[in-house]
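J.: If you read the sequences in order, they're chains P and D. Residue 67 in this note's numbering sits at position 67 of the first sequence, with consecutive numbering throughout. Counting from 1 along the second sequence, just add 1000 to a position and that's the residue number in this note's numbering.
Calculated directly from the structure, the hints in this document are not laboratory data. Watch out, some of these pointers could steer you wrong.
What the hints assert, rightly or not - Short derived list, chain D residues pointing at chain P, Cβ under 8 Å:
#1 Ala1024
#2 Asp1030
#3 Ile1061
To be verified - Once the Cα atoms are required to be at most 25 Å apart in a straight line, the calculated BS3-like pairs of lysine-lysine come out as:
#4 Lys1064(D) to Lys97(P)
#5 Lys27(P) to Lys1054(D)
#6 Lys97(P) to Lys1067(D)
#7 Lys49(P) to Lys1064(D)
#8 Lys49(P) to Lys1010(D)
#9 Lys126(P) to Lys32(P)
#10 Lys44(P) to Lys1055(D)
#11 Lys1128(D) to Lys1019(D)
#12 Lys1010(D) to Lys1054(D)
#13 Lys1067(D) to Lys49(P)
#14 Lys34(P) to Lys117(P)
#15 Lys1054(D) to Lys32(P)
#16 Lys32(P) to Lys1055(D)
#17 Lys1092(D) to Lys1107(D)
#18 Lys117(P) to Lys44(P)
#19 Lys1064(D) to Lys44(P)
#20 Lys44(P) to Lys1067(D)
#21 Lys1054(D) to Lys1095(D)
#22 Lys1067(D) to Lys1128(D)
#23 Lys1092(D) to Lys1010(D)
#24 Lys34(P) to Lys97(P)
#25 Lys1054(D) to Lys34(P)
#26 Lys44(P) to Lys32(P)
#27 Lys126(P) to Lys97(P)
#28 Lys1010(D) to Lys1096(D)
#29 Lys1019(D) to Lys49(P)
#30 Lys117(P) to Lys32(P)
#31 Lys1054(D) to Lys1092(D)
#32 Lys44(P) to Lys1019(D)
#33 Lys118(P) to Lys34(P)
#34 Lys1067(D) to Lys1019(D)
#35 Lys27(P) to Lys1055(D)
#36 Lys1067(D) to Lys1010(D)
#37 Lys1055(D) to Lys34(P)
#38 Lys44(P) to Lys1010(D)
#39 Lys1128(D) to Lys1096(D)
Every residue gets a Cβ at the ideal spot worked out from N, C-alpha and C, and that includes glycine.
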Amino acid sequence: MVYEFYIFNNVGNCLFYLNLRGTTPEKNPQDKQKLIFGMMHTMKSMCRKFSPQPISVSPFTSYVTDAYKLHILETSSGLNFVMFTHPDMMDQTHSLKWIYSTIYCTFVIRNPFYEPKKPITSVVFKQKLEEYLLTLAR
Amino acid sequence: MHYNFFIVNKIGLLIYERKFPGCAQLDSSDLIRFGATLSALHLLSAVVTPSGLKKSGLKMISSKFFKLCCFQSPTGVKFCLVSDPNTTDMEKMCKKAYQYYSDYVLKNPFYELDQQIRFEGFDREIEKLFAIKQ
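Excised from the complex, chain P in its bound form (with noise of 0.2 Å):
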């Protein structure tokens, strides 16, 4: 089951924001999405410390807490998929991927009214995330 889903940017914006739990919003989000960017950049770092062979770019897959697992996704552009869901998923890589490459590219880049860096708006873009997403719940 599928609780939240984000995009960043390469400098830590929130691109784009969906609660799927139905859940009250909370009090400040903009709040959240920095300690979540946070986090990730810190993460990172360290993932890229531990690992055995040395590397350039960032291996972190997920972590998962007693509540909830964070999955990520780091493209080569810097964009960040980030979905948190319940902790007994399966690793999301494949879906993130598939987000990426199918929903993502086809409803935002291809969109000629998108302003690159700008807040994703598109309605179709949300409706067709959020069935996909519903879908990984089974």
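Following the hints, position chain D against chain P.
T.: Here is chain D on its own, set in the frame of chain P:
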């Protein structure tokens, strides 16, 4: 296969560190930074919990080349094990290490709380614990 084992105390100081063959090259400043970073990440991961769920700190970090398991005792001491991605039962081993920590470190009358652990008996048990299951 295991790479590293750490014990971090409740204020984020590294009190025990063990390297196994094949681990990443880490110098002493990296290790000190690791203790503080891990405590911060543990706290932050609880803060960003989606609203309405019970807040709790991180248990396992997965990446392409390794897994990091973090087990926190009720008193706030963190036991971290870094292993290759196919290892299972990491939490069980951390709990076992916690048991040795209570037996060989806490019951030692010469041990001062929150200080570096330098005891042969504990070293030996840790070596045995992580060597058998490789």
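J.: Taking the numbered hints from earlier one at a time, note which ones the structure violates and give those numbers from smallest to largest.
T.: When the structure is compared with the hints, none of them turns out to be violated.
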